[in-house]
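A.B. asks: Sequence:
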Amino acid sequence: MPAYFSFQAYVYHGEGSPLGRTLEQIAENMKALPGLFFEWDGSLTWANQAGGWQIDATVFDDGTQVQYVDLHGRAASRSGCEVLNQRLNDLFQTWGDPAELRLMRLPDRRWQDLQQFAKESLSAD
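The numbers in UniProt numbering rise by one with no breaks, and the one at position 18 of the sequence shown is 18.
Since the hints were derived computationally from the structure, they do not count as laboratory data. We put the CB at the ideal spot given by N, CA and C, even for glycine. You may find that some hints are simply not true.
[Unchecked claim] So the derived label-pair ranges between C-beta atoms look like this:
#, residue 1, residue 2, range
1, L106, G51, 22 to 30 Å
2, P107, F60, 14 to 22 Å
3, L122, E28, 29 to 37 Å
4, N29, D113, 27 to 35 Å
5, Q116, S77, 31 to 39 Å
Full structure from sequences and hints, please.
C.D. replies: Structure (structure tokens):
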């Protein structure tokens with residue numbers, strides 16, 4: 001899939017704090033997301049190649065709570081990017097309060113909330 005927009009980010013509660021949920025809690029919440037594939041090693045994939053978007057992540061926990069999520073994604077078009085942003089919002093709701101979660105965008109280590117990220121992704125032209 002050629003990329004209109006691609007990214008890598010770490011997801012934290014606030015700017016660098018653990019998410020405050022266990023891997024089991026997050027896994028249970030993610031079960032409700034149709035088409036999302038989750039493995040107990042913490043890896044997940046959620047994609048629709050025909051729709052032009054893909055999300056991959058690894059959830060890192062310390063046995064008591066999720067420390068952060070290593071998140072990657074891409075979209076093949078602006079419409080794919082719109083769906084990607086909707087799916088990220090759904091995913092963030094399973095990880096905590098989306099308003100309290102932050103993405104550390106890589107490689108420049110820039111903090112964004114989900115709304116800022118979506119705005120930037122849609123201006124990728």
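A.B. asks: For each hint, tell me whether it holds in the structure or not.
C.D. replies: Consistency of the hints with the structure:
1. L106 - G51: 22 to 30 Å: holds, 25 Å
2. P107 - F60: 14 to 22 Å: holds, 19 Å
3. L122 - E28: 29 to 37 Å: Since the Cβ atoms of L122 and E28 sit about 31 Å apart, the hinted range of 29 to 37 Å holds.
4. N29 - D113: 27 to 35 Å: For D113 against N29, whose Cβ atoms are near 20 Å apart, the range 27 to 35 Å is violated.
5. Q116 - S77: 31 to 39 Å: Taking Cβ atoms as reference, Q116 and S77 lie about 21 Å apart, which means the hint is violated.
Violated hints, in rising order: 4 and 5; the structure is consistent with all others.
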